Amino acid sequence: MSDYTSKIKEISERLLKEEKVEIIIGFRKGTVPMMNEPCFVKTPEDVKELVWDSNCGINLANYLTGRKEKIAIIAKGCDSRNIVTHIIENKIKREQLLIIGVPCKGMIDKNKITSMFENEIMEVSEDKENITVKGEGFEKTLNKNDVLQENCKICVHRNPVIYDELAADLIDEQKVDRYEDVRKIEAMSPEEKWSYFDDLLSPCIRCYACRNACPLCYCPTCFVDESMPQWVGKSIDPVDTRTFHLLRAYHCAGRCTDCGACERACPMGIKVRLFTKKLEKDCLELYGWQAGLSLNERPPLDTYRPDDPEDFIK
Amino acid sequence: MKDWKPRIVGFLCNWCSYGAADLAGVSRMQYPPNVRVIRIPCSGRMSPKFILAAFMKGADGIWVSGCHPGDCHYMEGNYYARRKFALFKNLIEYMGIEPGRLHFSWISSAESTKFARVINEVTSAVKALGPRKHGIKTMPDELVKSKISMAK
Ligand code: SF4
Ligand code: SF4
Ligand code: SF4
Chain A
1 MSDYTSKIKE ISERLLKEEK VEIIIGFRKG TVPMMNEPCF VKTPEDVKEL
51 VWDSNCGINL ANYLTGRKEK IAIIAKGCDS RNIVTHIIEN KIKREQLLII
101 GVPCKGMIDK NKITSMFENE IMEVSEDKEN ITVKGEGFEK TLNKNDVLQE
151 NCKICVHRNP VIYDELAADL IDEQKVDRYE DVRKIEAMSP EEKWSYFDDL
201 LSPCIRCYAC RNACPLCYCP TCFVDESMPQ WVGKSIDPVD TRTFHLLRAY
251 HCAGRCTDCG ACERACPMGI KVRLFTKKLE KDCLELYGWQ AGLSLNERPP
301 LDTYRPDDPE DFIK
Chain B
1 MKDWKPRIVG FLCNWCSYGA ADLAGVSRMQ YPPNVRVIRI PCSGRMSPKF
51 ILAAFMKGAD GIWVSGCHPG DCHYMEGNYY ARRKFALFKN LIEYMGIEPG
101 RLHFSWISSA ESTKFARVIN EVTSAVKALG PRKHGIKTMP DELVKSKISM
151 AK
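Chains as they are written, first to last, in the numbering used here: chain A, 1 to 314; chain B, 1 to 152.
The set of hints was computed from the structure by calculation and includes no laboratory data.
Owing to the predicted nature of the structure, the values given are computational and were not obtained by experimental measurement.
Don't be surprised by glycine CBs; every beta carbon is placed ideally from N, CA and C.
There's no promise every hint is true.
Unchecked claim - No farther apart than 27 angstroms at their CA atoms in a straight line, the calculated lysine-lysine pairs in the DSSO-like style are these:
id : chain 1 : residue 1 : chain 2 : residue 2
1  : B       : K127      : A       : K234
2  : A       : K281      : A       : K112
3  : B       : K49       : A       : K234
4  : B       : K147      : A       : K193
5  : A       : K314      : B       : K49
6  : A       : K314      : B       : K127
7  : B       : K49       : A       : K271
Unchecked claim - Simulated coverage check for chain B against chain A, where a stretch passes if three residues somewhere in it have a Cβ under 8 angstroms from a Cβ of chain A:
id : region
8  : 50 to 56
9  : 84 to 97
As the list claims (entries may be wrong) - Some but not every residue of chain B turned toward chain A, in silico, with C-beta under 7 angstroms:
id : residue
10 : C42
11 : S105
12 : K137
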């Protein structure tokens, strides 16, 4: 990963020195392990802050919304797809951007790793496939593939789909079944489904971290904050919570790239991607659509075909 | 449960299905009286929030009806709506609403016979499922009582 970091620094320094861009949006080391934080670098001297490793799971496209300056942004596969989505939704202009693409080898799941140890983790380092976790009185090396984020395990677009510079050579894409978990739920009876989601959502505290982490959620007034009329109650009443999750996911229909930023941000470890993945699956099956792959196609709910499936309509 | 009557909310497009309801009425057709009709300007105006709000407030079934593809008063509102409905119906059923609670149809203003047939179908599907078991949000009895006494 250190070669990724040095290449990113090299490109960023050049772009700032040549005044091709005003800021670089990338990652710097966080104050706690496994939590790199987004950062805005404005001078060549500060480029040294930038890092790249398996803790860069936050989606940086979230920081582009409505910006006016010339920006270079570091983009892994999923970020690049959200950048495409941002461009087609007029949240940023392609001409404003210099995209530094990062062929991505997956991000690690901090919750999973934390739950493997009793004591507090003080340091996490990595060397290719090995993740070494240290804390008071323990040190253990894990295999990265065993602790990948759920979405990264099944990611089929690790390479950036759009870029101006590359931080490393492109990599092979995985061939995986993305929807095993969704199909399992689809096969349940309505009663089982209802209680499955009741259980899934019961820890939710309505903090909206999942919404805030998502680049798609940029509405000036979110439906959860609307009060005239109030579509969804603000309490943690189970019906309200369920309605919130249903609508949040529905608003991401045909736009979600399964970057996992929402799930990663949830302090209660709720698998919120189970909702967006259902929509993703349907968009693929009904409309042959995958989000964020092309600047020239309209997203599925912004277009139609006269012969769209309608066997559910009387 | 024998006397239980389902409450069904029908969202009908002004330019077609609502007209079909009128025509069915003036033609003195017989159909079950369980649907409360809300007139909307186009099936494209239908927001999933309307459906969720109705379900939350206790509707046993919901029925949305618009113009046939190609006949939209606004040219393409129903084409867009069709995609929204497909994804929404799948999602809400994925989360545990029984298939048979949420219905969609295309009915032109001349199709009063189809209107009567669909309203029959919708009503019997909802009746077969019985009252909703989950997902209704009502005010706690105490709160309702205190509000009433405050108003007095
Ligand atoms: S979803 Fe894909 S591109 Fe995004 S972090 Fe995971 S592996 Fe990388
Ligand atoms: S809903 Fe979650 S997975 Fe989808 S784009 Fe937003 S943050 Fe990423
Ligand atoms: S981040 Fe988690 S706890 Fe917070 S609102 Fe989302 S699902 Fe609920």
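Each hint tested on the structure:
Between the alpha carbons of B:K127 and A:K234 the distance comes to roughly 32 angstroms, so the proposed pair goes past 27 angstroms and is violated. Distance hint between A:K281 and A:K112 is fulfilled; the C-alpha atoms sit about 26 angstroms from each other, no more than 27 angstroms. A threshold of 27 angstroms between alpha carbons decides the hint, and for B:K49 with A:K234 the separation of about 15 angstroms falls inside it, so the pair holds. Proximity of B:K147 to A:K193 is assessed by CA-CA distance (about 36 angstroms); at most 27 angstroms being required, the pair is judged violated.
Proposed proximity of A:K314 and B:K49 is supported: the alpha carbons are some 22 angstroms apart, at most 27 angstroms. Simply put, A:K314 and B:K127 have alpha-carbon atoms about 18 angstroms apart, close enough for the 27 angstroms limit, and the pair holds. Distance hint between B:K49 and A:K271 is fulfilled; the C-alpha atoms sit about 23 angstroms from each other, no more than 27 angstroms. With 3 residues having a Cβ less than 8 angstroms from any Cβ of chain A, the region 50 to 56 of chain B passes the three-residue criterion, so the hint holds.
With 14 residues carrying a beta carbon less than 8 angstroms from a beta carbon of chain A, the region 84 to 97 of chain B meets the three-residue requirement, and the given coverage holds. With a least beta-carbon distance of about 14 angstroms to chain A, the hint placing B:C42 at the interface is violated under the 7 angstroms criterion. Against a cut-off of 7 angstroms between C-beta atoms, the interface hint on B:S105 holds, since the closest Cβ of chain A lies about 4 angstroms away. Interface restraint check for B:K137: the shortest CB-CB distance to chain A comes to about 4 angstroms, inside 7 angstroms, so the restraint holds.
Checked against the numbered hints listed earlier, the structure breaks hints 1, 4 and 10; every other hint is satisfied.
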